[in-house]
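2 protein chains.
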Amino acid sequence: MAEMVHVAVDAMGGDNAPGEVVKGAVEAVNADNKVKVFLVGRENVIKEELQKYTYNAQQLEVVHAEEVIETGEPPVMAIRKKKDSSIVKAMYLVKEGKCDALVSAGSTGAVLVGGQVIVGRIKGVERPPLAPVIPNINGVSLLLDCGANVDARPSQLLQFAKMGSVYMESVIGIRNPRVGLVNIGVEEEKGNALTKETYPLLQNCPEINFIGNVEAREIPYGGADVLVCEAFVGNVVLKTLEGISSALIGKIKAGMMSTARSKMGALLVKPALKQTLKGFSTEEYGGAPLLGLNGLVVKTHGSSKAIEIRNSILQCIAFKEQKINQKIKEQVVLEN
Amino acid sequence: MAEMVHVAVDAMGGDNAPGEVVKGAVEAVNADNKVKVFLVGRENVIKEELQKYTYNAQQLEVVHAEEVIETGEPPVMAIRKKKDSSIVKAMYLVKEGKCDALVSAGSTGAVLVGGQVIVGRIKGVERPPLAPVIPNINGVSLLLDCGANVDARPSQLLQFAKMGSVYMESVIGIRNPRVGLVNIGVEEEKGNALTKETYPLLQNCPEINFIGNVEAREIPYGGADVLVCEAFVGNVVLKTLEGISSALIGKIKAGMMSTARSKMGALLVKPALKQTLKGFSTEEYGGAPLLGLNGLVVKTHGSSKAIEIRNSILQCIAFKEQKINQKIKEQVVLEN
Chain A
527 MAEMVHVAVD AMGGDNAPGE VVKGAVEAVN ADNKVKVFLV GRENVIKEEL QKYTYNAQQL
587 EVVHAEEVIE TGEPPVMAIR KKKDSSIVKA MYLVKEGKCD ALVSAGSTGA VLVGGQVIVG
647 RIKGVERPPL APVIPNINGV SLLLDCGANV DARPSQLLQF AKMGSVYMES VIGIRNPRVG
707 LVNIGVEEEK GNALTKETYP LLQNCPEINF IGNVEAREIP YGGADVLVCE AFVGNVVLKT
767 LEGISSALIG KIKAGMMSTA RSKMGALLVK PALKQTLKGF STEEYGGAPL LGLNGLVVKT
827 HGSSKAIEIR NSILQCIAFK EQKINQKIKE QVVLEN
Chain B
527 MAEMVHVAVD AMGGDNAPGE VVKGAVEAVN ADNKVKVFLV GRENVIKEEL QKYTYNAQQL
587 EVVHAEEVIE TGEPPVMAIR KKKDSSIVKA MYLVKEGKCD ALVSAGSTGA VLVGGQVIVG
647 RIKGVERPPL APVIPNINGV SLLLDCGANV DARPSQLLQF AKMGSVYMES VIGIRNPRVG
707 LVNIGVEEEK GNALTKETYP LLQNCPEINF IGNVEAREIP YGGADVLVCE AFVGNVVLKT
767 LEGISSALIG KIKAGMMSTA RSKMGALLVK PALKQTLKGF STEEYGGAPL LGLNGLVVKT
827 HGSSKAIEIR NSILQCIAFK EQKINQKIKE QVVLEN
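Which chain is which? The protein sequence lines are A and B, in order. When we follow the working numbering, the leftmost residue of the first sequence carries the number 527, and every step to the right adds one. When we follow the working numbering, the leftmost residue of the second sequence carries the number 527, and every step to the right adds one.
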């Protein structure tokens, strides 16, 4: 029998905690008997939620944590002071080897800081990138780094490319993923000091399938499977995508509701539209991993519902079974 | 009577040149008798196009230029070598004072280089930003810099903020425009070295209405009227917006055409949708000015149709009448 995958889940993190988080955890254990979830947070609240569901009690354990780190708190201070918070306690479960992975929809800053400070980096990994899966019209791409550490060095971007390739191939299942450097033009000499220095490093790296610079315009068309960039740029791309998608869809909905005629039409197009736009959602891919740590740390959207929590937990199984960290140690660090 | 505004138009630039460019020029002179257009390019081709239209011959002149700078050419070399190209000749018309402004849908690189090298910067302006107007759900914002010069200094971003404010107020007509610094978080201490150093400069500048950091997610919601950033970031925001908008709209159209039922619905929603999405187009605002030059240089989309050319030409009238360059000299340079 395969080894169980132990996942610590921050039951108090996110806009819909603990209700949706607990529900997602139950759905995950009911979906796969190889996973055991440790729900970390206020025991009485979590247990109250759990009473609503049926599940195999062997696969679900509650770990009490009194405190909660709020989204607005300065992360470094919060991680240091709130030792009894759900995020910190979940991080320690990974650090101490009781869990293989951690899933949190809570404060991004606290997850990033805690991941680095408590769980810790794999020796040789310069910087652990936050790597969300983003939708494109043909599927998905991995965009990294979208974390909080800006002003990266070329050698760090090279590691991002390698770690991203391992993840895309082994977890998302895209063979020989195309790696693109996010840039403001396709020619090699285009860009800023960072991209110009990074380009030859990527080009001369035999372990990745580098296809050159990718302009931001090509990202929604699936211009590359692994999109490499510095965190400021990644963050701007990610948030521009999120903002304009929701603004545009809002505008279209308003347009459809603006006249009697269009309202009638809306009823007719809705099912087909819903089906098409489903492809533009990433919830089935779970959250964004923070790659290169001694364990897996997954950050899901603050607005995550049960389905995203469930899929983020299940994604940890592939991460462990595919021995991602082993591969990162072998392919990213040693070859550096 | 008001002074005429002389606009040099690169008749050979863009995907739809010379047909749509000539048509747009004719529409501009027919729309406003204060403007005179100098169509620069191959005389015989332009004259052939002009025969299709009726217009006041006093307002339209053809200036022959034998060569054309193609989009793919390295811009610095092209500007240096192709002295008899439409872009270079149009630039000289501005430099020599025969024209107040120039409009081109041609090579962005050549327009940026030519603007700086031939037309030249206003004394004291450190770097001329390319400042496109971008749509948001409530109106438009100015995003600058989107040019080709990356790795800007904080003092340059301060100038962008001032020039952008002058332009938004005097040409687009937004009073006391809100200036936002594009960043990865709203708190003052967020961001990279550049944004952290720029923040206090903007905050302590009494001539602008600085509202703080703006996350990319807020851009499509009109989070600020003037969005200040370094060119790499501006370019990434602009192209992400363009890419995802066209990808999403393509996806929605495909969804509407996917079933018999949805096709029927599409017919009903189309007029209302068209009306709503019109607000998401910027063609009525003309092209992107390159601010801070001795004259106005406007870059319009390579795919510009007559309407965008027309509006780009008409936008030069407001630029001259509002004495933008005078204001830049007084408010941006002297106060530096």
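Treat the hints as calculated values from the structure; they're not laboratory data. You may find that some hints are simply not true.
Treat identical chains as interchangeable: a pair holds within one or across any two.
No more than 30 Å apart at the CA atoms, straight line, and that leaves these computed lysine-lysine pairs for DSBU-like [stated by the list, open to error]:
#, residue 1, residue 2
1, LYS560, LYS831
2, LYS779, LYS789
3, LYS779, LYS649
4, LYS549, LYS578
5, LYS607, LYS853
6, LYS560, LYS624
7, LYS607, LYS722
8, LYS716, LYS621
9, LYS789, LYS804
10, LYS649, LYS621
11, LYS779, LYS804
12, LYS777, LYS578
13, LYS649, LYS716
14, LYS549, LYS649
15, LYS855, LYS621
16, LYS800, LYS624
17, LYS777, LYS853
18, LYS560, LYS549
19, LYS608, LYS722
Verification of the supplied hints:
Taking the shortest Cα distances, LYS560 and LYS831 sit within 30 Å of each other inside one copy (22 Å), while across copies they are farther apart (59 Å). In this assembly of identical chains, the alpha carbons of LYS779 and LYS789 lie at most 30 Å apart whether taken from the same copy (10 Å) or from different copies (17 Å). Taking identical chains as interchangeable, the C-alpha atoms of LYS779 and LYS649 are never at most 30 Å apart, the minima being 50 Å within one chain and 49 Å between chains. With identical chains, the CA atoms of LYS549 and LYS578 are at most 30 Å apart within one copy only, with a shortest distance of 9 Å there and 69 Å across copies.
In the homo-oligomer, the alpha carbons of LYS607 and LYS853 never lie at most 30 Å apart, since the shortest distance is 34 Å inside one protomer and 52 Å across protomers. Proximity of LYS560 to LYS624 under the C-alpha cut-off of 30 Å is restricted to the intra-copy arrangement: shortest distance 15 Å within a copy versus 78 Å between copies. In this homomeric assembly, LYS607 and LYS722 come within 30 Å of each other (Cα to Cα) only across copies, at 26 Å, whereas the closest approach inside a single copy is 41 Å. Taking CA atoms no more than 30 Å apart as the test, LYS716 paired with LYS621 passes between copies only; the shortest distance there is 28 Å, against 42 Å inside one copy.
Proximity of LYS789 and LYS804 under a CA criterion of 30 Å is satisfied in both settings, with 21 Å inside one chain copy and 19 Å between copies. Within a single copy, LYS649 and LYS621 get their C-alpha atoms as close as 14 Å, which meets the 30 Å cut-off; across copies the closest is 59 Å, which misses it. With identical chains, the CA atoms of LYS779 and LYS804 are at most 30 Å apart both within one copy (16 Å) and between copies (14 Å). For the identical chains of this complex, LYS777 and LYS578 are neighbours neither inside a copy (38 Å) nor across copies (39 Å), given an alpha-carbon limit of 30 Å.
In this assembly of identical chains, the alpha carbons of LYS649 and LYS716 lie at most 30 Å apart only when taken from different copies (28 Å versus 33 Å within one copy). Taking the closest pair of Cα atoms, LYS549 and LYS649 never come within 30 Å of each other, the shortest separation being 36 Å inside a single copy and 64 Å across copies. Within a single copy, LYS855 and LYS621 get their C-alpha atoms as close as 17 Å, which meets the 30 Å cut-off; across copies the closest is 60 Å, which misses it. For the identical chains of this complex, LYS800 and LYS624 are neighbours neither inside a copy (41 Å) nor across copies (56 Å), given an alpha-carbon limit of 30 Å.
Proximity of LYS777 and LYS853 under a CA criterion of 30 Å is satisfied in neither setting, with 45 Å inside one chain copy and 37 Å between copies. Taking the closest pair of Cα atoms, LYS560 and LYS549 come within 30 Å of each other only inside a single copy of the chain (18 Å); across copies the shortest separation is 68 Å, beyond that limit. Taking the closest pair of Cα atoms, LYS608 and LYS722 come within 30 Å of each other only across two copies (28 Å); inside a single copy the shortest separation is 42 Å, beyond that limit.
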